[in-house]
Amino acid sequence: MTITVQHTAGANAVLSGIFLGGAEAPPSSAPRILVPSYFFPAKGEWETMCNDLPKESIVIVNPENGPATKARSEEYAPDVKYCQEQGQIVIGYVFTEWGEPERVKAEGKSEGTQTETQVKKEIEEYFEWLGVSGIFYDQYATTRNSTTEAYYQGL
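Each residue of the sequence shown is one higher than the one before, starting from 649 at the first, in the numbering used here.
One or more hints might be untrue.
Label-pair restraints from in silico Cβ distances [as the list claims (entries may be wrong)]:
#1 GLY692 <-> ALA798: 42 to 48 angstroms
#2 GLU695 <-> THR795: 40 to 46 angstroms
#3 ILE681 <-> LYS718: 26 to 32 angstroms
#4 GLN734 <-> GLU776: 19 to 25 angstroms
#5 SER794 <-> GLU695: 44 to 50 angstroms
#6 ARG680 <-> LYS729: 18 to 24 angstroms
#7 GLN801 <-> GLU759: 22 to 28 angstroms
#8 LYS703 <-> LYS757: 35 to 41 angstroms
#9 LEU803 <-> GLY756: 20 to 26 angstroms
Since the hints were derived computationally from the structure, they do not count as laboratory data.
Remember, it's a predicted structure, so these values are computed and weren't measured experimentally.
We put the CB at the ideal spot given by N, CA and C, even for glycine.
Let's have the full structure, built from the sequences with the hints guiding it.
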């Protein structure tokens, strides 16, 4: 299942995508919360968060704008597993440079490192290293064209 979230801030529309690796949305009618947990797992903070969330809420793990290194990601593994055991859905964070990494690099807005190949590698690492249930695509394309369509279809 893919969920696309659109929200507006002033005149700017922002799109972000969530891919839940083939999982169907649970049939629950209980409220669920999406938590961007962009903090290091220390001092029981992840445990507190996952205990306090309604079951089947979505927690986004983000070691370093992606899975970083295997060693860095593995520091998160016990907390990811704990949250999953508490009934939470844990997904990994990747940024996509609006589906056009070459254009944003040329414009000086980013380093242009998030090629389709790099993002696929990060997605595979999240599933392999942390056993996440899906992926959150940040910096999702705000315009639709043949470049962005090909980029996201390739993921």
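Tested hints:
Between GLY692 and ALA798 the Cβ separation comes to about 44 angstroms, which falls inside the hinted range of 42 to 48 angstroms. Separation of GLU695 from THR795 is about 42 angstroms and conforms to the stated range, judged on CB atoms against 40 to 46 angstroms. Between ILE681 and LYS718 the Cβ separation comes to about 29 angstroms, which falls inside the hinted range of 26 to 32 angstroms. At roughly 22 angstroms, the beta carbons of GLN734 and GLU776 sit within the given window of 19 to 25 angstroms.
Remark: the range hint 44 to 50 angstroms for SER794 to GLU695 is upheld by a beta-carbon distance near 46 angstroms. Taking 18 to 24 angstroms as the suggested C-beta distance range, the pair ARG680 and LYS729 conforms, at roughly 20 angstroms. The beta-carbon spacing between GLN801 and GLU759, approximately 23 angstroms, falls within the hinted interval of 22 to 28 angstroms. Look at LYS703 against LYS757: about 39 angstroms separates their beta carbons, and that is inside 35 to 41 angstroms.
Between LEU803 and GLY756 the C-beta distance comes to about 25 angstroms, which sits within the given range of 20 to 26 angstroms.
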